[in-house]
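Participant: Spelled out, the chains give:
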Amino acid sequence: MARKILLEHLNVPGIETLEVFRKMGGYQAVEKVLKTMSPDDVTEEVKKSGLRGRGGAGFPAGMKWSFIDKKSEKPRYLVCNADESEPGTFKDRYLMEKIPHSLIEGMIVSSYALGAKTSYIYIRGEYFYVLRILEKAIAEAYEAGFLGKNILGTDYSLDLHVQIGAGAYICGEETALLESLEGKRGNPRMKPPFPAISGLYASPTVVNNVETIAAVPHIVNMTGDEYAKIGVGRSTGTKLISASGHINKPGVYEIEMGLPVEEFIYSDEYCGGIKNGKRLKALIAGGSSVPILPEHLITKTANGDARLMTYESLSDGGFVSGTMLGSGGFIVMDETTCIVRNTWTLARFYHHESCGQCSPCREGTGWMEKVLHRIENGHGKMSDVDLLVDIAKKIEGNTICPLGDAAAWPIASAIRHFREEFEYHVKYPEKVKDPKHFFYAPFVSEKMNASIA
Amino acid sequence: MSKEIKFSDETLEVVAKIILRYPEGRQKSALLPVLHIAQAEFDGWLSSEVMDYVASILNIKPIEVYEVASFYSMYNLKPVGKCLLEVCRTGPCMLNGAEDLVAHFENKLNIKDGETTADGMFTLKTVECLGSCGTAPMLQCGADYYENLDNQKADALLDKLRDENQRSRYC
Ligand SMILES: Cc1cc2nc3c(=O)[nH]c(=O)nc-3n(C[C@H](O)[C@H](O)[C@H](O)COP(=O)(O)O)c2cc1C
Ligand code: SF4
Ligand code: FES
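Line by line, the protein sequences are chains C and B.
Letter by letter, the first sequence follows residues 1 to 453 of this note's numbering.
Letter by letter, the second sequence follows residues 1001 to 1171 of this note's numbering.
Chain B extracted, bound-state conformation (with noise of 0.2 Å):
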């Protein structure tokens, strides 16, 4: 890996004001804010390298920070692509045509659930429900929720952030 691991001081500010908020000798419960950081520093994913980074700052042991950050889903141990799109396909949207959505990129990005594009553009993830059950079908890629979609709201979607070009944040 060429970059460097290693925060910048104003992400380690953040950082410190984090740990402020629990008691002192707390200072594992930032474990898991932290780790987004870290995420959406370190390329969308968390190496091996990166959570031994994390272990480090918040002074506790790396086995720690691995069982974490296997245990929740929004972390990422493999490399994704710069978009993650995370489509629900539990009850409420699935019976609003969350599978017809899934398909639909299968066969438009030529990849399946789980899978990236060569381009490293997007991966697309099969998720459980995203609190959006009323605007099925839905997907959600970093902060964003994208409510209602249809086929061609979703092409629209991909040409939308291809243009963009940026690889999409939650924080």
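Same shape as in the complex, but just chain C (with noise of 0.2 Å):
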């Protein structure tokens, strides 16, 4: 399972410059697709290999490649959304920062395919220091031929630009990320169009994360049908996983998809277990979007099936009694967390990033934040607990964009599996003033109690 694609040669030194990338078997995408394989070749392999976005969505790449208005007379575009800015997700500055040529070498496989002469990288602006790294290596690929006029000789031509944000985690949402590159406020678009009709400029534009795009040269190289091979069932390939919380050994792991949540979280190879030897309480599998799991039903599935690090598997049951393989940003919380602080501070984050276009959104965020800080704090009503619920049921669906739904997921998905910790917190106000009241005397579930006793 241990199967390494874009961290093959993570530690081969110097593995950031051109010339050792180069030596590890880099840019030979490049060559086969610009010699030996149309544009449409390039968009059949990856739709073969099964690549699903890996960016939190896991749209097929392939399927929304093929998409892109062929018959619009104006310039394509291709945009890599770096602008990670999902709670407990790192692995796309992982990846830049270690191999950037990985990414270039995709963006320029990947603009071949969709007929892109123009392609931009759009990273968050708090990863300046990776933008300086990327600017280098796309100067040495200038320099080597593999961007700018007739590549290799051929006809095809490319520029690569590197854009930097400035700390908006909405930025991320791909119609904000195409207003923010035009200059304007990050404010997401009403869909349709789609940006494959009119994204950047009014022109046909996908958009795409940094894995799904570093991953295209391997499938090209190896070709669609061995990729598919890698993983189980439609979850193909490898992904990479952001591992953060309270484990042994946090950090950005890459997996085969199928191997199972139990191993990831205990095996040395992977996060090590978890911390000072204490229990495992809940999990955020794919960033913070995402709906929590309680203890139980983390390394199982309801059925009781070994639950997986797959699309499928780690939805199964859906919101009732699973989640999402999201962006893989994995956080894990032992039982001396408290979940509804841990919820507050993630409703303080949708609402201090939601763009204000949609009332429900707007107001609703603010409103469960406010909630859940009174809550936490000891000052809240029994009845605030089922307006939570309904709150977040009344932004879900209701907004332009979807930062409404991954504001209300994770506070739903905490109430259904967590209400007696919230109810604890409104009847005993003074067990909780200490903001760290569970550090020393994890909670306990009146169930749990009744059955030691």
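Don't take every hint at face value.
Taking CB as the label site, the calculated pair distances span [as the list claims (entries may be wrong)]:
# : chain 1 : residue 1 : chain 2 : residue 2 : range
1 : B       : Asp1150   : C       : Asp41     : 31 to 41 Å
2 : B       : Ala1016   : C       : Asp41     : 31 to 41 Å
3 : C       : Glu295    : B       : Ile1005   : 50 to 60 Å
4 : B       : Ala1016   : C       : Glu295    : 53 to 63 Å
Okay, the calculated bits of chain B under chain C, using three or more residues with CB under 8 Å as the criterion [said to hold, decoys possible]:
# : region
5 : 1004 to 1015
6 : 1028 to 1037
7 : 1111 to 1123
8 : 1146 to 1158
In silico DMTMM-like links for lysine to aspartate or glutamate, alpha-carbon gap of 25 Å or less [as the list claims (entries may be wrong)]:
#  : chain 1 : residue 1 : chain 2 : residue 2
9  : C       : Lys191    : B       : Glu1064
10 : C       : Lys431    : C       : Glu335
11 : C       : Lys71     : B       : Glu1013
12 : C       : Lys436    : B       : Asp1100
13 : C       : Lys436    : B       : Glu1099
14 : C       : Lys23     : C       : Glu182
15 : C       : Lys184    : B       : Glu1049
16 : C       : Lys278    : B       : Asp1150
17 : C       : Lys71     : C       : Glu44
18 : C       : Lys136    : B       : Asp1009
19 : C       : Lys184    : B       : Glu1067
20 : C       : Lys275    : B       : Asp1150
21 : C       : Lys191    : B       : Glu1106
22 : C       : Lys74     : B       : Glu1099
23 : C       : Lys98     : B       : Glu1147
24 : C       : Lys433    : B       : Glu1024
25 : C       : Lys149    : B       : Glu1013
26 : C       : Lys275    : C       : Glu262
27 : B       : Lys1112   : C       : Asp434
28 : C       : Lys275    : B       : Glu1106
29 : B       : Lys1153   : C       : Glu262
30 : C       : Lys370    : B       : Glu1099
31 : C       : Lys70     : B       : Glu1024
32 : B       : Lys1112   : B       : Glu1099
33 : C       : Lys249    : B       : Asp1100
34 : C       : Lys370    : B       : Asp1100
35 : C       : Lys184    : B       : Glu1147
36 : C       : Lys249    : B       : Glu1067
37 : C       : Lys433    : B       : Glu1099
38 : C       : Lys433    : B       : Asp1113
39 : C       : Lys136    : B       : Asp1119
It should be emphasised that the hints constitute simulated quantities derived from the structure, not laboratory data.
Glycine included, each C-beta is placed from N, C-alpha and C at the ideal position.
Now that you have both chains on their own, put them together as the hints suggest.
Facilitator: Below you can see the structure in the form of structure tokens.
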């Protein structure tokens, strides 16, 4: 299960340079596509590979590419989404920082497939030092003739630029990202039209995540059919998982899809188990926007099957007992965690990041933050718990972009699985006064108490 | 304001190059990168005079600059200390001690979140996830990330920054 594709050469000294990257087989895919494949051939391979978008939604990449409007007279654009701001997610930064050429090679191959002559990488403003790494790598690629006019002597030309953001989670949403790239506020657009028809500068545009694009050269090299053999079912290939929270070995790991969650958490090859010998309490498996899982649903699904790191297995049980693979932001919480406090910080995050265009999201996120704050601090009412469920329901599905859903799901799921803990805060305000209330004495539900007795 | 609001010739060249990245007539796309440059050149914040200047360079209306500058959290619309300490406080960092770290800074610097020390050296700001959750708790100061922090490392960082006595920069 330890197959590495994206990070195979991670530890090769100098892999951030074009010279070493090429020695390890880098830029072969550029040569292959430009000299032996048509753009549609490349798209076909990506379709065959079953590669799904790694930015969160998991939409098949090849299918997205085939939607691009080829009849339009306007130039086409490929825009790489390197905005990476979903709490718990830091895999794109890792890849760009360690092996910048893997993204650049992917941009060249993918731009060729899409017929783009100018492409952009939109990177979050806080990653300024990564911007410098990318700019250096791009300069090397121009110098070596992999970018610019008549790449490798063919008639394909491409310019690649990096655009810096300025601190706004919402700019990770693809239409907000395009607005931002046009020099505007990051307000998501109404869809349709989709970017494939009218994206950047109202031209046909594809937006893909860093990891998605970086996988493309590997697919080209090994063929789509071979890539599709890695993983399980419709979850093909490998996935970068950024693991954080109460684990012994936080960091970015490349896993083959299908790895059991239990192995990922406890094996020394990955997270190395829970810190300080504590007990596992909860997991956010795919970035802050996905539903939280309680201990008994983490390593096994509600049916008792082993839970695997795949799109399908993580979402087994739907929102009742499942979650989502999302962006691969894997946040592990031990028994000392206060679920209410954690949920409140996430609500504050979404309130802070709401662009403010839709009333349910703008008002609802702020309202949920306030209610959670008062529950957490022992000023809540019993009816507040249902109030939160109600607000979340009214946001969900009623907004321009999915940030509204992303704000509602974590709260609804926390209450679904940890209602007793919310009620405890209301019942025993004096016991939650100290912000570290469960740090010394983990919360024990009354059900658990009864079973111990 | 004493300093004349004008980019140096070298900076103007950099700006001209940035504008070339976009199709003709789309120079407004350069607004975010140019605002970062302006902020770095003019004491770490964007006064309305600076924003007007940026508007004139990009040939867009001042309101187009104001609405962008006020939307993105990295643009400071008020003066800040030489070193802006941006401490991440979101879920994953909170799980690993971000709140203690913020409290430590508040005590040590004798300011609250959002305030600047009397000597103008430090501004403390809590921010949302900086994409460094595996090395929590952490903070950003200029383009640099400081990770896996504890109180001792935080103190050492303050000393280092105070000794250097430089305005931190992103670009
Ligand atoms: C609020 C919000 C934030 C998002 N943030 C990101 C992000 O930081 N990075 C990313 O790749 N996709 C993000 N997405 C998903 C993008 O909208 C888009 O689906 C993705 O970039 C497509 O690339 P993919 O198909 O390769 O995953 C976000 C979506 C929403 C609604
Ligand atoms: S759902 Fe929220 S973030 Fe998305 S467009 Fe509406 S207000 Fe903006
Ligand atoms: S939560 Fe602090 S860096 Fe992600």
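Participant: Next step is simple, just say for each hint if it's right about the structure.
Facilitator: The hints, checked one at a time:
no., hint, in the structure
1, Asp1150(B) with Asp41(C): 31 to 41 Å, "violated, 54 Å"
2, Ala1016(B) with Asp41(C): 31 to 41 Å, "holds, 39 Å"
3, Glu295(C) with Ile1005(B): 50 to 60 Å, "holds, 58 Å"
4, Ala1016(B) with Glu295(C): 53 to 63 Å, "holds, 58 Å"
5, 1004 to 1015, "violated (count 0)"
6, 1028 to 1037, "holds (count 8)"
7, 1111 to 1123, "violated (count 0)"
8, 1146 to 1158, "violated (count 0)"
9, Lys191(C) with Glu1064(B), "holds, 24 Å"
10, Lys431(C) with Glu335(C), "holds, 17 Å"
11, Lys71(C) with Glu1013(B), "violated, 38 Å"
12, Lys436(C) with Asp1100(B), "holds, 10 Å"
13, Lys436(C) with Glu1099(B), "holds, 10 Å"
14, Lys23(C) with Glu182(C), "violated, 38 Å"
15, Lys184(C) with Glu1049(B), "holds, 20 Å"
16, Lys278(C) with Asp1150(B), "holds, 21 Å"
17, Lys71(C) with Glu44(C), "holds, 19 Å"
18, Lys136(C) with Asp1009(B), "holds, 23 Å"
19, Lys184(C) with Glu1067(B), "holds, 8 Å"
20, Lys275(C) with Asp1150(B), "holds, 17 Å"
21, Lys191(C) with Glu1106(B), "violated, 45 Å"
22, Lys74(C) with Glu1099(B), "violated, 51 Å"
23, Lys98(C) with Glu1147(B), "holds, 17 Å"
24, Lys433(C) with Glu1024(B), "violated, 59 Å"
25, Lys149(C) with Glu1013(B), "holds, 23 Å"
26, Lys275(C) with Glu262(C), "holds, 15 Å"
27, Lys1112(B) with Asp434(C), "holds, 20 Å"
28, Lys275(C) with Glu1106(B), "violated, 28 Å"
29, Lys1153(B) with Glu262(C), "violated, 34 Å"
30, Lys370(C) with Glu1099(B), "holds, 19 Å"
31, Lys70(C) with Glu1024(B), "holds, 22 Å"
32, Lys1112(B) with Glu1099(B), "holds, 13 Å"
33, Lys249(C) with Asp1100(B), "holds, 22 Å"
34, Lys370(C) with Asp1100(B), "holds, 22 Å"
35, Lys184(C) with Glu1147(B), "violated, 32 Å"
36, Lys249(C) with Glu1067(B), "violated, 42 Å"
37, Lys433(C) with Glu1099(B), "holds, 15 Å"
38, Lys433(C) with Asp1113(B), "holds, 21 Å"
39, Lys136(C) with Asp1119(B), "violated, 37 Å"
Violated hints for the displayed structure, listed by number in ascending order: 1, 5, 7, 8, 11, 14, 21, 22, 24, 28, 29, 35, 36 and 39.
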